[in-house]
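Now for the letters of each chain:
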Amino acid sequence: MTVDTPGAAAAASPATHAHDNYLTAGRGLLSWLFTLDHKRIGVMYLVGILSSFFLGGVFALLVRTELLTPGPTIMTADTYNKMFTLHGAVMIFLFIIPGIPATLGNFVLPLMLGAKDVALPRLNLASFWLWMIGAVVAVASIIMGAVDTGWTFYTPYSTTTGTAVISMTLGAFILGFSSIFTGLNFIVTVHKLRPEGMTWFKMPLFVWGIYSTAIIQVLATPVLGITLLLLIAERTLGVGIFDPALGGDPVLYQHFFWFYSHPAVYIMILPAMAIMSELMSVFSHKHIFGYRFIAWSSIAIAVLSFLVWGHHMFTSGQSGLANMVFSALTFSVAIPSAVKVFNWLATMYKGSISLDTPMLYALSFLFLFSIGGLTGLFLGALATDIHLHDTYFVVAHFHYVMFGGTVIAFLGGLHYWWPKLFGRMYSERWGRIGALLIFVGFNVTFFTQFVMGSHGMPRRYYNYLEQFKPYHQASTYGSYLLSLGFVVVAGYLLHSLFRGEKAPNNPWGGATLEWETSSPPPSSNFAHEMLAGDPYDIESLRFDPETRGYVRKDPGSVLLTRVGA
Amino acid sequence: MTALRTVGEMSVLLAQGTDGSFWMPPGVSTVARHVDWLFNFILAISVFFFLLIVVVMTLFVIRYRRRAGAGAEASATHHTGLELTWTIIPVILVAVIFFFGFKGYLDMSTAPANAYEILVDGQKWNWSFTYPNGYVDSNLHVPVDRPVRLVMTSADVIHSLYVPAFRIKQDVVPGRYSKAWFEAMEPGEYELFCAEYCGTSHSGMIATVVVHPPGEFEIWLEKASNFLETMTPVDAGRKLFQVRGCLQCHSVDGTAKVGPTLLGVFGHSQALADGSSVTVDENYVRESILEPMAKVAAGYEPVMPTYQGRLKDAEIMAIIEYLKSLSGNG
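Note that the protein sequences, when read in sequence, are chains A and B.
According to numbering that gives the first Met the number 0, the residues represented by the first sequence are 0 to 564, in order.
According to numbering that gives the first Met the number 0, the residues represented by the second sequence are 0 to 329, in order.
No wet-lab data here; the hints were simulated from the structure.
All values reported here derive from a predicted model rather than from experimental measurement.
A partial selection of chain A residues facing chain B, derived with a Cβ cut-off under 7 Å:
#1 Y156
#2 H284
#3 L376
#4 A380
Anything over 10 Å on all C-beta distances counts as not near chain A; from chain B, calculated:
#5 Y115
#6 D234
#7 H267
#8 R309
Cβ atoms here follow ideal geometry from the backbone N, Cα and C, with glycine treated the same way.
Use the sequences and the hints to build the structure in full.
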């Protein structure tokens, strides 16, 4: 479990600006590619995942630009079909599923536990390598003619189309193992590496969220692996599983696919909720409200997420009884999400709310995720879903949850832990401008899609009827504004890397253990063994004008002093 | 008496379609009113909770904004009663929504016994509707105020039949029959989309639902069914070319689509994928319709489905006459 890094002992000083830290602990590309340090792996994941987000975003802009006019605009129908498939596949498999756990989770989880690393550092590195290999195989499909099936690979279309389905699904298969490795690692880490004093209900809520996510990753992802292997077997060997021409059943594929891919939605959103719990408490400078309800709601979501996959198939021809059961179960999963939102709101009550950039993203999340969650009610109800299924209403709904929820929380978390990651502050002014541009651009892009969807605009349409033009055009212009927001964010964050002000150990006043070490942390994370208390005891900190950060009123309270050590 | 009258008024109300709104297109089927009512019911709940969340959030941000020298005030870190309240109220609300959603769905999925039956075939990328007398059309013609039951299957991949004005949608799956029904309440023309992604021309797989006024549907059907007798072979061929989906892949204006254009090819030589060539005559056209893979034109994928058993001899003759007319020798 130990990480042998030269210089770890020298770095073991809680000084504000440690000269030796994990970023400078080794030089050269190989010292990164073969590192076992969870922080470096987290940073490499961050680079990979943000690159994927950029790639997926370019595909999205091409799709939106094509939809500026009702007829052909900049590409052919076949190219358009490949573009929306690539947008979906890259965003889902390369970006948002590994997203928060592999980057911020990897970096922060061991620090929050006061640990030196994750429990299985070699498995962690293997996970990253598998991610890279999977990404290369998936992206290679573009060179081999790309895929035009939609990211869902529905049969028998996917088994009969002439495009590079095998490369893309093989990529997703490999990426699945990367995800399983990360999940397994985090489960072991949470069980075995908690510090003295951190009982289950003293864990930070971020840890609860990552833990719940890990359970889904380990239990659901193998089903995707099997499904994609069956699909590949059908394409290459002609085994009849899904294609009715070979004696298979195409609806069976949908059951298999959504048995993974619905829980996967919660792999995407649970870590976002985990970040939200931290942000709401820290920036309200107040203890989180209703800790146990939030923690249990994460577990409830993880369990219920396995029971609702059939709501993707209300019009597929599955039985009316199955539709009824899945509709009822679907509504049950709305409850824990609602509980979290109300508890976050209550956390602000009588707080002392700072509107720093991470908090602006947290407030954006509350606004956007509420819309995303509430529009789910229209889709969970059978009578309305029949009309709305496979229209832009659904496209808008899941973008409000996945983008308005997960991406926004990811940005909030990135800005929150950025000083810890790189030891630098970013421009607060530009941070707020970026957050505002993204918020406005996002709503213009996607709110219009609710309206055109309920008016009957089907999704995945290359051309559309004249009556939908105003909505499509507004949506496209919104996507340009949204992109501008991301350009701003990329600009000041890159600037911060090189020119940013040095960050204090604890710039925001968080009471979790990652703020007890230097920014950026030394390779071995902490100089002392840590003693965990209440992770939301914000009162135990005071602002220190000298370092412009927060310090413990009683510094000894988080150090474990071993007798005879 | 009052109660009876209210019930009477309600049933009159329920027997009408719905006007369009900001959210919904006009609804002209018997189920549209319930669907729109439920939509608006959920919308009201959603708007209420959304405003509640955003207003409370905004008030807290203003009221408890961080000020120099002032920290957070002490307050409870949990309150079981309060938290149970905002768990149980949503549980009740979603149970109510589920109930109305399921109730409406039961009506939407149970066709009346006396429904008029039309067979539907989905195929990349056109629809065919077969009427009880065997006539096939590319648009869906139905009588007003009569329940219509669709029995649907696909020749290739999954499609989905969607009529927004009727609030109905049902996947059309190869290898099985799926069913949908509706009763249109107002004569007119409405859009019918394919809602399940099916490849290149998915967005072009659009048909029209024509709802005929009382008494006119039967007249239309009889007239349309006799087109081979009443039209010239060229006109009948042109109609078949459109109605049976040929035009989805073969243009008649010289542009190449999924298949070669058929403008000016009859009587000329055609290069084949195997390197040989063939003169496009009656026999080649007939063979290509019935056995599309036998002689594939050079430069095109072998993707055309067979029409064996789906076109009558007289219909194939009409199409041949139409192709001749496109070469100026009809």
